[in-house]
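If you want the building blocks of each chain, they are given just below.
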Amino acid sequence: MKTKITKTLLDSWAYTFDCYEGGEEDAMNDFILTLKREQTPPSEAQQAGLDFEHLVMEIAEGRFVPEWVDQGGRCEPNSGEPMGYNKYPKNYAGAKKVAEIVRGGQWQMHVSTDVVVDGREFWLHGFCDVVKAGVIYDIKFKTKSFSSLDLWGSYRNSSQHSAYLRCLPEAYEFVYLVSDGEDLYTEAYTPMTSRPIEEYIRNFMNWLKTEPDLMKIYEERWAVDG
Amino acid sequence: MIQHGYEMDFSKQTFGVILYGAPGVGKTTLAMSDGNNGGDTLLIDLEHGIGRTNPLHRMNCNILSAGTYEEVLKDLETPEAKAAKTIVIDTAGSLVDYLKDWVMRTRPESKTKRGEWYPLKGAAIVNQEIARFVNRIKNVMGKNVVYIFHAEEQEKDGELVWRLRCEGKFKNTVWTGIDFGCLIDMHGGKRIADFDPNDKPAKGCHGIEGKIEIPKLDETTKNDFLQKLFETARKNMQAENAAVTERINTYNKIIQSVKEMVEGVGDADSANACMAVIGEMEHALTSKKECGKILNDKCKTLGLRFDHQTRAYVPDGDAK
Numbered sequence: 001m002k003t004k005i006t007k008t009l010l011d012s013w014a015y016t017f018d019c020y021e022g023g024e025e026d027a028m029n030d031f032i033l034t035l036k037r038e039q040t041p042p043s044e045a046q047q048a049g050l051d052f053e054h055l056v057m058e059i060a061e062g063r064f065v066p067e068w069v070d071q072g073g074r075c076e077p078n079s080g081e082p083m084g085y086n087k088y089p090k091n092y093a094g095a096k097k098v099a100e101i102v103r104g105g106q107w108q109m110h111v112s113t114d115v116v117v118d119g120r121e122f123w124l125h126g127f128c129d130v131v132k133a134g135v136i137y138d139i140k141f142k143t144k145s146f147s148s149l150d151l152w153g154s155y156r157n158s159s160q161h162s163a164y165l166r167c168l169p170e171a172y173e174f175v176y177l178v179s180d181g182e183d184l185y186t187e188a189y190t191p192m193t194s195r196p197i198e199e200y201i202r203n204f205m206n207w208l209k210t211e212p213d214l215m216k217i218y219e220e221r222w223a224v225d226g
Numbered sequence: 227m228i229q230h231g232y233e234m235d236f237s238k239q240t241f242g243v244i245l246y247g248a249p250g251v252g253k254t255t256l257a258m259s260d261g262n263n264g265g266d267t268l269l270i271d272l273e274h275g276i277g278r279t280n281p282l283h284r285m286n287c288n289i290l291s292a293g294t295y296e297e298v299l300k301d302l303e304t305p306e307a308k309a310a311k312t313i314v315i316d317t318a319g320s321l322v323d324y325l326k327d328w329v330m331r332t333r334p335e336s337k338t339k340r341g342e343w344y345p346l347k348g349a350a351i352v353n354q355e356i357a358r359f360v361n362r363i364k365n366v367m368g369k370n371v372v373y374i375f376h377a378e379e380q381e382k383d384g385e386l387v388w389r390l391r392c393e394g395k396f397k398n399t400v401w402t403g404i405d406f407g408c409l410i411d412m413h414g415g416k417r418i419a420d421f422d423p424n425d426k427p428a429k430g431c432h433g434i435e436g437k438i439e440i441p442k443l444d445e446t447t448k449n450d451f452l453q454k455l456f457e458t459a460r461k462n463m464q465a466e467n468a469a470v471t472e473r474i475n476t477y478n479k480i481i482q483s484v485k486e487m488v489e490g491v492g493d494a495d496s497a498n499a500c501m502a503v504i505g506e507m508e509h510a511l512t513s514k515k516e517c518g519k520i521l522n523d524k525c526k527t528l529g530l531r532f533d534h535q536t537r538a539y540v541p542d543g544d545a546k
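So the sequence lines, in the order shown, correspond to chains G and A. Residue 190 in this note's numbering sits at position 190 of the first sequence; the count goes up by one each step and never skips. Just add 226 to the spot in the second sequence (first one is 1) and you have this note's numbering.
Rather than coming from a laboratory, the hints here were simulated on the basis of the structure. Be a bit skeptical, because a hint or two may be false.
Derived DSS-like pairs: lysine-lysine, alpha-carbon spacing no greater than 30 angstroms straight-line [claimed, not checked]:
| id | chain 1 | residue 1 | chain 2 | residue 2 |
| --- | --- | --- | --- | --- |
| 1 | A | K347 | G | K87 |
| 2 | A | K485 | G | K96 |
| 3 | A | K526 | G | K96 |
| 4 | A | K514 | G | K97 |
| 5 | A | K364 | G | K140 |
| 6 | G | K96 | A | K519 |
| 7 | G | K90 | A | K364 |
| 8 | G | K97 | A | K448 |
| 9 | A | K479 | G | K87 |
| 10 | A | K514 | G | K4 |
| 11 | A | K238 | G | K96 |
| 12 | G | K140 | A | K416 |
| 13 | A | K515 | G | K96 |
| 14 | A | K485 | G | K90 |
| 15 | A | K479 | A | K514 |
| 16 | G | K97 | A | K515 |
| 17 | A | K238 | G | K140 |
| 18 | A | K479 | G | K96 |
| 19 | A | K238 | G | K97 |
| 20 | A | K485 | G | K97 |
| 21 | A | K448 | G | K140 |
| 22 | A | K311 | A | K364 |
| 23 | G | K96 | A | K326 |
| 24 | A | K485 | A | K461 |
| 25 | A | K326 | G | K140 |
| 26 | A | K485 | G | K209 |
| 27 | A | K326 | A | K311 |
| 28 | A | K311 | G | K4 |
| 29 | G | K97 | A | K339 |
| 30 | A | K416 | G | K97 |
| 31 | A | K339 | G | K144 |
| 32 | G | K4 | A | K526 |
| 33 | A | K347 | G | K144 |
| 34 | A | K448 | A | K437 |
| 35 | A | K437 | G | K144 |
| 36 | G | K90 | A | K347 |
| 37 | A | K311 | G | K140 |
| 38 | G | K140 | A | K515 |
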């Protein structure tokens, strides 16, 4: 039986172990919703991330136009031009830094591959935020300022770079572009510095074997049609 | 000046380096190890710790000692600073402290009504200024930049992990401009420069990876670790460039030609013809996948969908 597997499912499961103290129940509930493939409205943080990514795309593709705030019809005395100023949205500075890197790349590229783990077949797939010239970029947004965070190595244990580098073997690097709306932090991985995706899948499946009810849900809802 | 990728020689490439480690492990001495001549390196001694290094090992180095940030800026305009190839900031954490002092004295909005530090405003100004400062050194003045950080081991999830000690955002944003991040550590009486990012803040590139032993310095040994490291990295970059340039050039040509071809796609027949051409091209890097996406995006705007059974684009509604 061949089943689908995604980095979202793997990371959502992993988070049940890595979540903040006291957040275990919420993390498990979120994982079960993901496992059941139930559509839920994005959380506030997820929506902020989506909005930020949209802003980056608008800037990168040259579609962004700042809001013009005119100053009550007043005109510049010499030229007679209406006076006003461009109003830039919150997080513009950070979005511009990210946009400069991803400009010219292809957005939301679907990638997939077949993986066999311990004799079981999986269809690993997902959407890369941006692919450009051999590099996969993933845009992350932090609602907390970088000042209060210690970011180095934040994504070391994420299955995302392992999954996407495996799905797109022509890519030589995966780069997380992390912004707090003002600044940019980058973290890069290559196939050599990424754990094999099989490890993540194996750990996940070994855990599911101990939870027969959840295994049943997984096999029903993540089966590859046909 | 615009150059072809293959014309670039990288012989004057500059680098950003982070050095960190426990006190007394030799961070400052290592930071001063670029250059053949007196003055090739300029060390901005913000912690006044230069006296703890052996004079023999700072022969190629000028020292900038300053009491305020304004003095640092003024001294960076001197001929000695302009002549240096490498600028060392000792330490990055102290630079933030100098900037805080400067902001408090010069920017009233960084203080509360009671005259205390107002982090919301003050930290933002410090962050802006630090970005401007390091950009000026690395990109405008064209220098190698070496940041020395104090570090501490902290427990996280039952494991000891190293953390750079520095107030504010800089400990995060600094990584974006860094080529080499290096933990200096002692192993069996040997000093090791560790570029392996496995479980610590470290970064290697251009063939500089893993753990490298730092030669023991005595009265006859030249302090030239960074000089050799930079030379090796430049040579590796030239080799990498030679290997990759052709692929990048091919990639750019393919993407450009496919974009032009896709412009002319107007119906299912022309889309399928375009798909066939993309399939027959000799691709480079991720060009095949990207070209497919470019075509697919265009087809969506034309109301075409890919039929997985016939492996062809068809008008929307006909697809199975």
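Each hint tested on the structure:
no., hint, result
1, A:K347 x G:K87, "holds, 20 angstroms"
2, A:K485 x G:K96, "holds, 24 angstroms"
3, A:K526 x G:K96, "holds, 28 angstroms"
4, A:K514 x G:K97, "holds, 27 angstroms"
5, A:K364 x G:K140, "holds, 26 angstroms"
6, G:K96 x A:K519, "holds, 24 angstroms"
7, G:K90 x A:K364, "holds, 28 angstroms"
8, G:K97 x A:K448, "violated, 41 angstroms"
9, A:K479 x G:K87, "violated, 38 angstroms"
10, A:K514 x G:K4, "holds, 24 angstroms"
11, A:K238 x G:K96, "holds, 29 angstroms"
12, G:K140 x A:K416, "violated, 40 angstroms"
13, A:K515 x G:K96, "holds, 26 angstroms"
14, A:K485 x G:K90, "violated, 33 angstroms"
15, A:K479 x A:K514, "holds, 12 angstroms"
16, G:K97 x A:K515, "holds, 25 angstroms"
17, A:K238 x G:K140, "violated, 34 angstroms"
18, A:K479 x G:K96, "holds, 27 angstroms"
19, A:K238 x G:K97, "holds, 26 angstroms"
20, A:K485 x G:K97, "holds, 25 angstroms"
21, A:K448 x G:K140, "violated, 45 angstroms"
22, A:K311 x A:K364, "holds, 10 angstroms"
23, G:K96 x A:K326, "holds, 27 angstroms"
24, A:K485 x A:K461, "violated, 35 angstroms"
25, A:K326 x G:K140, "holds, 29 angstroms"
26, A:K485 x G:K209, "violated, 48 angstroms"
27, A:K326 x A:K311, "holds, 28 angstroms"
28, A:K311 x G:K4, "violated, 54 angstroms"
29, G:K97 x A:K339, "violated, 34 angstroms"
30, A:K416 x G:K97, "violated, 41 angstroms"
31, A:K339 x G:K144, "holds, 26 angstroms"
32, G:K4 x A:K526, "holds, 26 angstroms"
33, A:K347 x G:K144, "holds, 16 angstroms"
34, A:K448 x A:K437, "holds, 21 angstroms"
35, A:K437 x G:K144, "violated, 34 angstroms"
36, G:K90 x A:K347, "holds, 16 angstroms"
37, A:K311 x G:K140, "violated, 35 angstroms"
38, G:K140 x A:K515, "holds, 23 angstroms"
The structure fails to meet hints 8, 9, 12, 14, 17, 21, 24, 26, 28, 29, 30, 35, 37 from the earlier list, while all remaining hints are met.
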